[in-house]
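Whenever a hint applies, use it, and build me the whole structure from the sequences.
My numbering applies: residue 1 is where the sequence shown begins, and numbers increase by one.
Hints are computed from structural coordinates only; laboratory data are not their basis. All the given hints hold, so there is nothing to weed out.
Beta-carbon label-pair distances, calculated as ranges:
1) S25 to G63: 30 to 40 Å
2) M1 to N24: 31 to 41 Å
3) S35 to E66: 13 to 23 Å
4) G6 to D74: 31 to 41 Å
5) G65 to A43: 26 to 36 Å
6) L39 to G65: 23 to 33 Å
7) E26 to H60: 17 to 27 Å
8) G65 to N22: 27 to 37 Å
9) N22 to N79: 19 to 29 Å
10) G45 to S10: 14 to 24 Å
11) Q76 to V7: 30 to 40 Å
12) I34 to Q76: 17 to 27 Å
13) D4 to G75: 26 to 36 Å
14) L50 to Q76: 12 to 22 Å
Predicted model, so just to flag it, every value in this text is computed and none were measured. Glycine included, C-beta positions come from ideal geometry on N, C-alpha and C.
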Amino acid sequence: MPIDLGVDGSVYVSLYGTGIRNHNSEVACSINRISVPVLYAGAQGEYEGLDQVNIGPLAHLSGSGEVDLVLTVDGQSSNPVRVNFK
1 MPIDLGVDGS VYVSLYGTGI RNHNSEVACS INRISVPVLY AGAQGEYEGL DQVNIGPLAH
61 LSGSGEVDLV LTVDGQSSNP VRVNFK
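And the structure:
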């Protein structure tokens, strides 16, 4: 389902995974090889062992369709995840 970024572009995305909370360097995120702001990367808070990464705002991605999202933690990049922006 496409993510609707709305008119004001103030949409943020939360990603969940493991092995992020003890990072030694900055966590980076790119969408279609363009860097996007990482606002938080650490423990999720409710579920033990689950980590959360918040990215955004994403206004510049409006209408981009299916794109690749990649997280980089301590120099290790994730596999690309396909996301769809309306």
